[in-house]
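Input sequences plus hints: build the corresponding full structure.
Numbering-wise (this note's numbering), the sequence shown opens with residue 9 and increments by one.
It is worth saying that the hints were derived from the structure and are not from the lab. All of these numbers come straight from a predicted model, not from anything done at the bench. In this text, a Cβ means the ideal position worked out from N, Cα and C, and glycines have one as well. One should not assume that every hint holds.
[To be verified] Here are the simulated lysine-lysine pairs, DSSO-like style, with alpha carbons at most 30 angstroms apart:
#: 1; residue 1: 195; residue 2: 305
#: 2; residue 1: 423; residue 2: 439
#: 3; residue 1: 125; residue 2: 195
#: 4; residue 1: 423; residue 2: 392
#: 5; residue 1: 305; residue 2: 423
#: 6; residue 1: 439; residue 2: 392
#: 7; residue 1: 423; residue 2: 59
[Said to hold, decoys possible] Quick list of the computed label-pair ranges, beta carbon to beta carbon:
#: 8; residue 1: 316; residue 2: 126; range: 42 to 50 angstroms
#: 9; residue 1: 195; residue 2: 305; range: 48 to 56 angstroms
#: 10; residue 1: 316; residue 2: 265; range: 28 to 36 angstroms
#: 11; residue 1: 170; residue 2: 401; range: 37 to 45 angstroms
#: 12; residue 1: 426; residue 2: 247; range: 33 to 41 angstroms
#: 13; residue 1: 126; residue 2: 217; range: 28 to 36 angstroms
#: 14; residue 1: 234; residue 2: 426; range: 46 to 54 angstroms
#: 15; residue 1: 305; residue 2: 92; range: 50 to 58 angstroms
#: 16; residue 1: 113; residue 2: 378; range: 38 to 46 angstroms
#: 17; residue 1: 248; residue 2: 343; range: 32 to 40 angstroms
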Amino acid sequence: MGRGARLGARRGRSREAGRVRALVVGAARSGVALALHLTAEGEKVRVADRKPAADLQATIAQMPPGVELELGGYDVAVLDGVDIVYASPGVPWDSELLNEARARGIPVSSEIDLFLKLCQGTVVGITGTNGKTTTTALTGEVLAAGRRPVIVGGNIGDTVLDRVHEITPQHWVVLELSSFQLESVEKPRLHVGVILNITPDHLDRHRTLERYVDLKARSIEFAAPEDFAVLNGRDELVRGLASRTRGQVVWFDQHQPMPPMPLPGRHNMENALAAAAVGRIAGLADEAINHAIRSFKGVEHRLELVGEWAGVRWFNDSKATNPEAGRVAINAFPGSPVILIAGGYGGGFDLREWVADVLANTEAVILIGASADQLAQELRAHPKAMRAATLDEAVSIAADLARQGSVVLLSPAYKSFDMFRDFEDRGNQFKELVRQRFAA
Numbered sequence: 009m010g011r012g013a014r015l016g017a018r019r020g021r022s023r024e025a026g027r028v029r030a031l032v033v034g035a036a037r038s039g040v041a042l043a044l045h046l047t048a049e050g051e052k053v054r055v056a057d058r059k060p061a062a063d064l065q066a067t068i069a070q071m072p073p074g075v076e077l078e079l080g081g082y083d084v085a086v087l088d089g090v091d092i093v094y095a096s097p098g099v100p101w102d103s104e105l106l107n108e109a110r111a112r113g114i115p116v117s118s119e120i121d122l123f124l125k126l127c128q129g130t131v132v133g134i135t136g137t138n139g140k141t142t143t144t145a146l147t148g149e150v151l152a153a154g155r156r157p158v159i160v161g162g163n164i165g166d167t168v169l170d171r172v173h174e175i176t177p178q179h180w181v182v183l184e185l186s187s188f189q190l191e192s193v194e195k196p197r198l199h200v201g202v203i204l205n206i207t208p209d210h211l212d213r214h215r216t217l218e219r220y221v222d223l224k225a226r227s228i229e230f231a232a233p234e235d236f237a238v239l240n241g242r243d244e245l246v247r248g249l250a251s252r253t254r255g256q257v258v259w260f261d262q263h264q265p266m267p268p269m270p271l272p273g274r275h276n277m278e279n280a281l282a283a284a285a286v287g288r289i290a291g292l293a294d295e296a297i298n299h300a301i302r303s304f305k306g307v308e309h310r311l312e313l314v315g316e317w318a319g320v321r322w323f324n325d326s327k328a329t330n331p332e333a334g335r336v337a338i339n340a341f342p343g344s345p346v347i348l349i350a351g352g353y354g355g356g357f358d359l360r361e362w363v364a365d366v367l368a369n370t371e372a373v374i375l376i377g378a379s380a381d382q383l384a385q386e387l388r389a390h391p392k393a394m395r396a397a398t399l400d401e402a403v404s405i406a407a408d409l410a411r412q413g414s415v416v417l418l419s420p421a422y423k424s425f426d427m428f429r430d431f432e433d434r435g436n437q438f439k440e441l442v443r444q445r446f447a448a
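What follows is the structure, encoded as structure tokens:
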């Protein structure tokens with residue numbers, strides 16, 4: 009299906025026959041949700057994506073009838089006749105196309121921006137460099153334990169725009185919000201904004217740490233006095249944002265009573281403290297909060313226990329796509345000999361603290377991916393640092409090295425695109441390799 013190809017025909021409620029009212033840039037999950045919502049509202053929709061149709065068959069199949077598709081490349085002419093542009097999170101906010109739209113006076117929005125304008129529920133937005141998904145899922149379970157109607161979404165699970173019309177003022181909506189999403193919202197008014205931590209990340213897109221911090225701060229900057237900002241008192245960059253909100257600041261840190269978090273690691277305790285703070289804001293009793301936390305099973309690819317065989321525990325932490333996430337995983341097993349599998353795609357990180365933690369807290373490290381040579385040089389003082397050509401080889405080496413009481417930890421500290429589709433693919437392959445070896 010080529011440029012300008014149409015999917016079927018639809019008798020819409022557009023105010024002008026043939027008039028394209030909305031341009032959706034990006035045909036992935038967010039783009040499909042926008043196309044479905046906007047066409048259901050009677051708008052004529054054009055969807056543009058640089059990928060060819062052959063790479064987008066799964067999403068094309070989900071598009072509603074009547075959507076105009078511009079696939080395989082586009083230029084600024086795709087803006088002709090458009091009243092509003094909706095950009096998917098993967099589209100840089102300062103891209104040539106979006107800048108041209110602004111120059112023409114065309115508003116630029118996003119799926120999450122539209123959702124927040126339509127949502128009638130109490131919105132909790134959770135952001136931070138690491139821990140967002142775990143805390144979002146846990147907060148949803150805490151609120152559900154208090155018998156609140158809860159919807160969880162954003163950068164996790166299904167798109168929330170699909171469910172916006174079922175949300176009532178009694179609902180609590182818990183959203184995981186990335187820096188990309190916060191950038192795309194005009195004025196993100198959240199009833200509860202949670203900032204877990206901030207360390208340098210996504211600087212290839214945001215360019216400076218200052219810009220990245222500013223985007224995280226947007227989760228609390230538009231709060232009203234009756235709203236809340238839940239902030240990590242242990243994080244220096246997060247502490248500095250307290251003056252940028254009009255909402256009521258609620259601090260969480262490890263000086264508070266510890267909730268019964270079953271997952272390993274100090275960072276998971278902080279995630280639990282944040283979720284507990286939201287539960288108290290919602291009026292839940294500590295007993296209900298603690299029960300939800302105690303029952304929490306964790307999130308896939310985040311310090312996920314794959315299994316234990318012959319006294320060796322295998323953990324999948326494939327979501328650790330930056331050194332800070334890798335550090336918190338390495339430090340989650342005090343007293344246990346850790347065999348670390350690390351490496352992948354990307355760079356530009358300050359590795360000094362990660363290297364120090366690897367040297368101090370791992371028995372062996374197996375390096376994979378495009379960064380393996382650089383990491384081998386950084387870890388030249390490690391007595392057992394070695395390279396593996398594939399993840400399969402890394403698992404085999406780890407199995408040979410492990411002994412009773414060992415922890416084998418996949419926590420790459422790098423992105424996955426050199427060897428895998430994404431971090432989920434990397435984690436799933438790791439789990440399959442481990443289970444084939446031990447659980448067959």
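We went through each hint and held it up to the structure:
1. 195 to 305: Given that 30 angstroms is the threshold and the Cα spacing comes to 34 angstroms, the pair is violated.
2. 423 to 439: holds (18 angstroms)
3. 125 to 195: holds (10 angstroms)
4. 423 to 392: This hinted pair holds, its Cα atoms lying about 23 angstroms apart.
5. 305 to 423: holds (25 angstroms)
6. 439 to 392: Distance of about 24 angstroms is within 30 angstroms: holds.
7. 423 to 59: holds (21 angstroms)
8. 316 to 126: 42 to 50 angstroms: Cβ of residue 316 to Cβ of residue 126: about 46 angstroms, so the range 42 to 50 angstroms holds.
9. 195 to 305: 48 to 56 angstroms: Once the Cβ atoms are compared, 36 angstroms apart, the range 48 to 56 angstroms for residue 305 and residue 195 is violated.
10. 316 to 265: 28 to 36 angstroms: holds (30 angstroms)
11. 170 to 401: 37 to 45 angstroms: Given a distance of about 42 angstroms, which is inside 37 to 45 angstroms, the answer is holds.
12. 426 to 247: 33 to 41 angstroms: Hint holds: Cβ distance 36 angstroms, inside 33 to 41 angstroms.
13. 126 to 217: 28 to 36 angstroms: holds (33 angstroms)
14. 234 to 426: 46 to 54 angstroms: holds (48 angstroms)
15. 305 to 92: 50 to 58 angstroms: Given range 50 to 58 angstroms: violated, Cβ gap about 41 angstroms.
16. 113 to 378: 38 to 46 angstroms: holds (43 angstroms)
17. 248 to 343: 32 to 40 angstroms: holds (34 angstroms)
Of the numbered hints stated above, those contradicted by the structure are hints 1, 9 and 15, listed in ascending order.
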